Amino acid sequence: MQKPALPDNEVERLAALQSYNIMDSDADPVLDDLTDIIAELCNVPIALVSLVDDHRQWFKAACGLNAEQTDKDIAFCAHAIHGDDIFEVSNALDDPRFHDNPLVTGDPHIRFYAGMPLITEDNFALGTLCVIDTKPRILTDKQRQFLRSLAGEVVTRFELERKNRQLMQAQQLQRLISDTNQDYIFVKDEDFRIVFANKAFMTLYPENMQDKIIGYTTVEDYKPEEAEQFLADDRYAFANGRIERFETIVFPDGATRTLFTTKLRFKDTENANYILGVARDVTEREALIDSLKKSNADLDEFAYVASHDLRSPLTAIRRLIEWVKDDAVGKLDPESLRHIEMIETRADRMNRLLSDLLQYSQVGRQQHEAETLELESIVADCVQLIDVPAGFSVTAVNQALLLPKFPLELVLTNLISNAIKHHDKATGNIAVDCQELEASYAIQVSDDGPGIAPEHRQKVFEKFTRLQSEDQVVGSGLGLAMVVKMVEHYGGSIAIEDNAPRGCTFIIQWPKTHSVRDH
Amino acid sequence: MFDFNTLIIDDSEIDRYILARQLKQLGISQIAEHASAKSAKDYLVALREQQAGVFPKLLIVDMHMPLMGGVELLRDLRPWFDSGPLQSAQVLMYSASEAPEEQAEAMALPMVKGFLVKGASIEQLQQSLSKL
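Those protein sequences? They're chains R and L, same order as listed.
In this text, residue positions in the first sequence follow the numbering used here: the first is 1, and each later residue adds one.
In this text, residue positions in the second sequence follow the numbering used here: the first is 1001, and each later residue adds one.
What the hints contain is simulated information worked out from the structure, not anything from laboratory work.
Quick caveat, the model's predicted, so the values are computed rather than measured.
Please note that the accuracy of each hint is not assured.
Not the full set, but computed from the structure, chain R residues with beta-carbon under 10 Å of chain L [stated by the list, open to error]:
(1) S312
(2) T315
(3) I317
(4) R318
(5) E322
(6) N351
(7) S355
(8) L358
(9) F392
Ideal Cβ positions, reconstructed from N, Cα and C, are used throughout, including at glycine.
Please model the entire structure based on the sequences and the hints provided.
See the structure below:
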C-alpha cells in the first residue's frame, strides 16, 4: 500500500480548511441531498463529501456509508487532492497503491473510486466529492461532468457559509459598538419614522415606552416646538445631505439634555433615503462652559474691586500723608520724617502693584486690531512713560509693522523698563530691533546689563518672580508675566538669549495674522 | 484764578475731604458736598424751589456710588443741563479706576467735560480745571 504524499502547500492548505470552520460541523441537508443525487447519477452505492485534515478524512455528507471518518493514511481522497481534476481508480485490486488497502481488503470493499477535488477560489483542495463502488467500473464522460459541477457547488456552498459567518461577525461587532456607544444613534426613514436606535437612544425612553420607538416618529413624545425643530432639521438633512446643531431637548424620561447632533443622509442598497443621527450629550460640557464664563465674570468683578475699593483708600492715604509731611517739616524729628517717607514709598509700591494686577487681569479681555505702526515712534512713545535715567539710551530701528498698538506698547514698555531697572551700571544702551519674516515679526529688545543666567531664564517669566530683592529693584513682579500673557494671547512666543558682548536679548515672535486664542 | 460754585458728589468722606481741600488750595471757596446721588438731587430740587438759589457751575461726580452711580445721576439730570438751571454748569467725572472704557462711558455724556482719576495730585487737578 502506498501512503498519500503531503501536498507542497500543506500548511497553507490546512489553514484554509480551518478558515471554513467546517470540520466536525453539523450535518447539512443540502449536501446530504447532493451526495444522494451524485450517487444516483453515477449509478454507485456510495458518495461522500470528504474533507482531509492533517491526520484524517472527515465526511461532511455521506450517502451509503455509515462511517464518520477514516485515517488519512488509507484515504483515497488524500491522494485525490493532489490533482486539479478527477482522480479515478477503476479497480483497486489491480492498483499497486490500493490493492492491500484495508478499505479494499475489508469494509466497505472498495473496488472503484472517483474523486473530484474541492478546490477553493484560492486554489486549495479541501477534500473531494467522491463516488465509490464495490464493483470495478468506469465513469462516462457525462458522469464525470456531473461530478465536476457538483463538486464546484459544494465549494460554492462552503464559500457562502464562510462569508455569511464573517458577515454575522461583522454585524455583531457593529451591534456591540453601537450598543456600547454613549452617543444617541438613530436612523430615520423618509417618513421620519425611526428604523434603528442604539441602546443609549432607547434608554432615553421609560421602559414601558421602548416598544413604541422603532417604526414610530416619536414626535408626540416631545414638546411641540422641540419636535418642530428636529423635524425641520430632518427635512434639511434629507434635502441638503447634512446638518449639525446644538439643541436642548426635554426627553421622554424627563431629563433636559444639551446635545450636539449631526444628521447625515444616506441611501440603502434599494436606493431609499435615510438619515443617520448621532447626538452627543454635551450637557455637562455646556454647564462647565457656563460656569467658566461665570467665574471669568467674577474675576473681572474682582479686578474692578481691586482697582476701585482697594485703590481709593490707598490714594487717600498717599495724599494725606503728603500733607502731614508738608506740615511736619521742621516740627518733627528726622526719624519721624523718615518714617513718613517710608509710608509714602510703601503706598506708592502698593499702588503700582494694584495697577499691574489690574492690567495683568485685563490682558486678553480686550481685542485690539492690527494697525500700521512705526517701530521707532512706538518705542519713542514707550520711553515717554518710563523714567529713563541720564546715561541710558534707547534706540530702535525704523521698521513698519502691522500689529495691534496697545499690546505692542505694553510689551515694549515692560521690556525696556525692565532692562533699565535691572541694569547694573550707571550707563547703558537698550536697542530695539526687528526683522520682518514671512509669517511673523521677530522683535528683539537687547541690553548691555548683567544678563540672565540660563538657569533663571524660565523663572523670570513667572508671576511675582524677582531675581533681586524688592528693595534693590522696584517692581510688582508681574511685568514679564504680563508680557508673556499678552504675546501668547496674540499667538506669539518669547525667548531670552545672550547679547554680545554682555547683557541679554528678549526675542518676541509675533505672528502677522494673529490667531487669537478663544477664552 | 477761578472760583466756581462747586458741588462734590462722592460717597467717600475722605475722598470728599481731600478733593475739597485741594480745591480750596486752588482758590475755590464755595463748595457743597454730598454723600449720595439722592442727597445731591434733593439739594438741587430744593435750590430750584428757592427763588434766589445759586446753582453750582462745577459738579465733580464720583462714577461709582451705591444705589445710584454718577452716570445714572447725570442721565437723570439731563434736562437740567439741556435747558434747565444747570445749563451753564460743567461736570468732571471722578473715579478710582483708570480703565479706558470707564472714561469713554463718562465722556459720552454731553455735560461731562473731563475725567479725573482719584488720587490725582493738585497739579493734575489744576490741569483738569484749566481745560474747562
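For each hint, the structure was consulted:
Hint status for S312/R: holds, given a least beta-carbon distance of 4 Å to chain L, under 10 Å. For T315/R, the suggested interface contact is upheld, since its CB lies about 3 Å from the closest CB of chain L, less than 10 Å. Annotation: interface hint on I317/R holds; nearest CB of chain L at approximately 9 Å, less than 10 Å. Look at R318/R: its Cβ gets to within about 6 Å of chain L, closer than 10 Å, so that hint holds up.
Hint status for E322/R: holds, given a least beta-carbon distance of 9 Å to chain L, under 10 Å. With 10 Å as the threshold, the beta carbon of N351/R comes within range of chain L, its nearest partner Cβ sitting at about 8 Å, so the hint holds. The beta carbon of S355/R comes within 8 Å of a beta carbon in chain L, closer than 10 Å, and the hint placing it at the interface holds. The beta carbon of L358/R comes within 8 Å of a beta carbon in chain L, closer than 10 Å, and the hint placing it at the interface holds.
At about 26 Å, the closest approach between the beta carbon of F392/R and any beta carbon in chain L exceeds 10 Å, and the interface hint on this residue is violated.
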